[in-house]
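S.K.: Keeping the supplied structure of chain A fixed, place chain B upon it in accordance with the hints.
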Amino acid sequence: MKHTIEQLGKRTVNALEELGYAASLLYQSLYWLVLGKLHRQPVNLPLIATQMMQVGVSATLIVVVLCFSVGMMLAIQGLETLKPYGAQTQVVTGIALAVTREFAALITGIIVAGRSGSAIAARIGTMQESQEIDALRVIGINPVRYLAAPALLAMVLVMPVLTLFGMFMGMFGASVYTFYELGMPIEIYMSRSFEVISLSDLLQGLSKSMLFALLIVLVSVINGFQVKGGAEGVGLATTRSVVMSISAIVIADMIFTFFITRL
Amino acid sequence: MSRSQQSTPTYKDMQGSSLAIRVSDLLTHYDGRVILNNVSLEVEQGEIMVIMGGSGSGKSTLLRYMLGLEKPSAGHIELLGKDITCMNDNELHHMMKNIGVSFQGGALFGSMTVAENIQLPLKEHTKLDQKTMQIMSQMKLEVVNLAGFENLMPSQLSGGMVKRAALARAIILDPRLLFFDEPSAGLDPVVSAELDELILRLRDAMNMTIVVVTHELDSAFKIADRITILDRGEILMCGTVDEVRNSDNQRIYNLLHRQPRTDTVNVDEYLQRLTGENVND
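From first to last, the protein sequence lines stand for chains A and B.
Position 218, counted from 1, in the first sequence is what numbering that gives the first Met the number 0 calls 217; the numbers after and before it change by one each time, with no gaps.
Position 151, counted from 1, in the second sequence is what numbering that gives the first Met the number 0 calls 150; the numbers after and before it change by one each time, with no gaps.
Keep in mind that the hints are not guaranteed to be accurate.
Stated by the list, open to error - Away from chain B, derived, C-beta distances all over 12 Å, residues of chain A: (1) 184; (2) 195; (3) 225.
What the hints assert, rightly or not - Below, in silico cross-link-like pairs of lysine-lysine (DSSO-like), each with a Cα-Cα straight-line distance of 27 Å or less: (4) 122/B <-> 96/B; (5) 126/B <-> 227/A; (6) 81/B <-> 36/A; (7) 36/A <-> 122/B; (8) 96/B <-> 130/B.
As the list claims (entries may be wrong) - Examples of chain A residues lying across from chain B (beta carbon under 10 Å, computed): (9) 36; (10) 38; (11) 122; (12) 135; (13) 140.
Simulated from the structure, these hints should not be mistaken for lab results.
We put the CB at the ideal spot given by N, CA and C, even for glycine.
So here's chain A without its partners, still in its complex pose (with noise of 0.2 Å):
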């Protein structure tokens, strides 16, 4: 009994203490993004290009891929059980809603985190394992203003078009199935998404993915900064980002769906 309560403690703390190094990280990353160029240690841009490539443009294809196929999931369920109401047209305003609030930003964030965020806290792990984060210190160089803030910056930045492309993929996807079973034309099926779609809505979808992107950041950076143990600790910082990141993005799109829906 003792024993499960100390381990319970040690797990607060450490819970604690992970949430407390999270927001450090976070402030510091915005500190160095906002006010380095003060200090003439600005954040560097080819580094964030960089990353905005690897983060970006290297997960449009499987974004684009996932997107279209939930989108044509979605529209293949919607209109099974809208049938026997005789409302299936009714679909096109479900799956437009479902896709820009919840699907593409939740799919997307997914997708980067376990492809993005993992090859964050990898290449982290593997720095902190062959000191070469010791060697930026050294140099200079602040780690969290080398690695983290470009990687967050980057990654706010592209998580939102990324997603915009996976709500378009998402109803494109719906569309060509309902032509297929209604024969709805696929443009009209476009326009009438558009039109039920608001700019709240848009902007529920890319805020989500905002939020996203930041907890993708903090929890693979962390991990990464952490590893211990060598190449099996790489692995298990870059297996328990991967977890965490989509759990801390299952949650905490609860919780934002939660309130927004009572504002």
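M.R.: Here is chain B on its own, set in the frame of chain A:
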């Protein structure tokens, strides 16, 4: 032939020498365990100080504290007259311009070419144009006999080449203090001897203060002006090569003559370590 017997002037022969590094009463902990216990050390400008000791003696830990990578539990570390234990990030950033470090594994950035690695401190601390930075990195590569390898990635270099590239990066800003962590580790005797010569040339040509952490006896005796011997987190001795060689301290004798430890085991302490209980209770 030991370093003290060679004709090259040692730090003591140099005019106007003063302290480059002062470590005072350094106390450090890790997981509640004392790692360095009241360590005090002084290194003169232009001196090559070798820190020796067995595995787990605390020599690499001491180096990390001297580089400002960790904050001590107590004590002070002055580099070039400034206490780095009290510095904020900005002050440390400026101090690092005066420091070059060659890590045990080189710590070259795997995503950059050799030239990009070497130019990184220049990009960080100067506003030189790309052409000038290229020329400077080329010069340093010549110094470490690595000309022609600037466009290779670190993964394409041998162990000795990685150490030399790391050294080129460490000296790119012509630092006043140069730190080496195990320069000879993992290298064959010939490459190791070449690196020793390089360290001596750097000190003589650029009057750098150099601190070398190693457990390679031959290398230490060849390059050192003075040697500090660490054992179990405490300084056993600090003296010239001859003083260390002639020491009658048993633990130093064991280290120099590769003798196993002969410490007597405290049975009570041993049992307590095994069982986690005090056997006298």
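S.K.: Compare the structure with each hint and give your call.
M.R.: Hint-by-hint comparison with the structure:
1. Every C-beta of chain B lies more than 12 Å from that of residue 184/A, the closest at about 49 Å, which supports listing it as non-interface.
2. Distance to chain B confirms residue 195/A as a non-interface residue, since its nearest Cβ pair spans about 45 Å, more than 12 Å.
3. For residue 225/A, the shortest C-beta to C-beta distance to chain B comes to about 15 Å, beyond the 12 Å cut-off, and the non-interface label holds.
4. Of the pairs offered as hints, the one joining residue 122/B and residue 96/B holds, with about 12 Å between alpha carbons and a cut-off of 27 Å not exceeded.
5. A distance of roughly 36 Å separates the Cα atoms of residue 126/B and residue 227/A; the hinted pair therefore is violated under the 27 Å criterion.
6. For the proposed pair residue 81/B and residue 36/A, the alpha carbon gap of about 26 Å is at most 27 Å, so the pair holds.
7. The hinted pair formed by residue 36/A and residue 122/B meets the criterion: a straight-line CA distance of about 14 Å does not exceed 27 Å.
8. Simply put, residue 96/B and residue 130/B have alpha-carbon atoms about 21 Å apart, close enough for the 27 Å limit, and the pair holds.
9. At about 13 Å, the closest approach between the beta carbon of residue 36/A and any beta carbon in chain B exceeds 10 Å, and the interface hint on this residue is violated.
10. Among the interface hints, the one on residue 38/A holds; its C-beta lies about 6 Å from the nearest C-beta in chain B, closer than the 10 Å criterion.
11. Taking 10 Å as the C-beta contact cut-off toward chain B, the hint placing residue 122/A at the interface holds, the least distance being around 8 Å.
12. Residue-level restraint check for residue 135/A holds (minimum Cβ-Cβ distance to chain B is 8 Å; threshold 10 Å).
13. Hint status for residue 140/A: holds, given a least beta-carbon distance of 6 Å to chain B, under 10 Å.
Consistency with the previously given hints fails for numbers 5 and 9, ordered from lowest to highest.
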